[in-house]
Amino acid sequence: MILQQPSFFDWLGRNLLACPFKTYFGFDCPGCGLQRSIISLMKGDLIVSFKYYPATIPLILLIIFTGLHLKFDFKFGASAIKFAFLGIAVIVLISYIYKIYNHQLTA
Amino acid sequence: MSDEQQNPPRNNPIDLNKPEQPVGPRSGFGPTTPPPFQQPPPFGQFGGMGGQQNLPNATVALVLGILALPACCFYGIFGLIFGIIAWALGGSDIKKYQLNPTMYTESSYKNAKAGKICGMIATILSLLFIIFFVLIIAGAITHPEAYDRFFKGFN
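Listed in order, the protein sequences are those of chains A and B.
Residues 1463 to 1569 (our numbering) make up the first sequence, in order.
Residues 5 to 159 (our numbering) make up the second sequence, in order.
Calculated from the structure, these hints are not laboratory results.
All the given hints hold, so there is nothing to weed out.
Covered stretches of chain A, going by a simulated chain B footprint (3 or more residues, C-beta under 8 Å):
1) 1478-1490
2) 1546-1553
Here are the simulated lysine-lysine pairs, BS3-like style, with alpha carbons at most 30 Å apart:
3) A:K1561 x A:K1505
4) B:K99 x A:K1537
5) A:K1513 x A:K1561
6) A:K1533 x A:K1505
7) A:K1544 x A:K1561
8) A:K1505 x A:K1484
9) B:K100 x A:K1533
10) B:K100 x A:K1544
11) A:K1537 x B:K100
12) A:K1484 x A:K1513
13) A:K1544 x B:K99
14) A:K1561 x A:K1484
15) A:K1544 x A:K1533
16) A:K1533 x B:K99
17) A:K1544 x A:K1513
Facing chain A, from chain B, some residues (calculated, C-beta under 8 Å):
18) Y79
19) F133
20) F137
All C-beta atoms, glycine included, are put in the ideal place defined by N, C-alpha and C.
Chain B extracted, bound-state conformation (with noise of 0.2 Å):
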């Protein structure tokens, strides 16, 4: 059995060569191994001239997982909208240098583990401060008096 018949190339015009290639028994095998890395990229295709690029979203998840942590202010909102764009452009990066690791550089792929990281940790943040304004929020509505007394109003 050829290495391609294991693990058939997705999106690869090749493939359209061979149209009539037999899928379904494949399909039955239950548990099959993991994808092997060792084929080489897909050549001829997007980018993958040779030269390895750099991830797509890793650099803006970056930068957008740092900048979620001093954008809590304003009910933590922006900071949960900017962590959770973060994790996920991160995630979606990982997931794509994970598919064909040689077609992306390393440094690309550091930066997305770091910029989901980031995300994460700006959103789990993120959400303990709105858990919080939200007890408090329902404290001042039900109970003003003992807001009063517990905080220092307006002064």
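Bound-form chain A, shown alone (with noise of 0.2 Å):
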């Protein structure tokens, strides 16, 4: 077991889908990173997956939680919800336009 899965993480990262956006302009649409980040998550990396993709945490956070809210009913969990998810939006635009404003054009 230990053994088996560096090696399924190697072959996850080397059969990711691949961004058609990149693909054909050469630089990173908003989702770009996300695949990389949950991999980096799921080995564990939790800071190396905050640098691919910084909204992929507090995405799975609100995921289980908005999950847990269908279920169990919480009182304000919906204007939670609300609430978290105006925050990831936020936090992918200005993760956005940082990453390509430092790091794909050329200075």
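Build the complex from these two chains, which are given one at a time in their own frames, with help from the hints.
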């Protein structure tokens, strides 16, 4: 099992879905990095995962919380989901602008 | 004037008993007051036997609205589709709840509102990205040299 896991992640890392936008235009789309980030998260690398795509960890937490909310019906669950979603959208937007501005433009 | 005359129940099977009820003069009242909500829910109708039920699409709207955010890959198209579907489902459920609030549960109404807002945010974000992509593509087609100078190309 321990020997199998790295090869599974290697296989996963070699078989990511390619972003069509990045393939044709050479720079990232707003979702680029999500798959690499999830693989890093499965390996347990929180910092690397954050560097690939900062919104992954809050997004996964939000999805888990939504499942719990739909099951157990928390009192403030719906408004909490709303604000968390808004925060994640802002994270996606800011991280995308930061990434394009700092890593993909030629200075 | 009874309560029922002011506010005729729509789609009510009880209505069939008195089909000759005049409708004409009531429509000429001009701006009427909003329909009073304190009338009891139509018992005997579909699902109205005392217990409240969940709004039909609240959960779907919420889940789609949340999934619309990671679906912004692929030119933002999936994010746009999911977001618009969540927005429309949430909006229709909110209307359904406001027509007779006693029939549906409060929590599912909140879920529908959250789903509508999540769908709205995702739609706006996807639209922003799509506009950005269209500008990029137009720039790459019309000014390829400037594009190559500006962006690090294939590497």
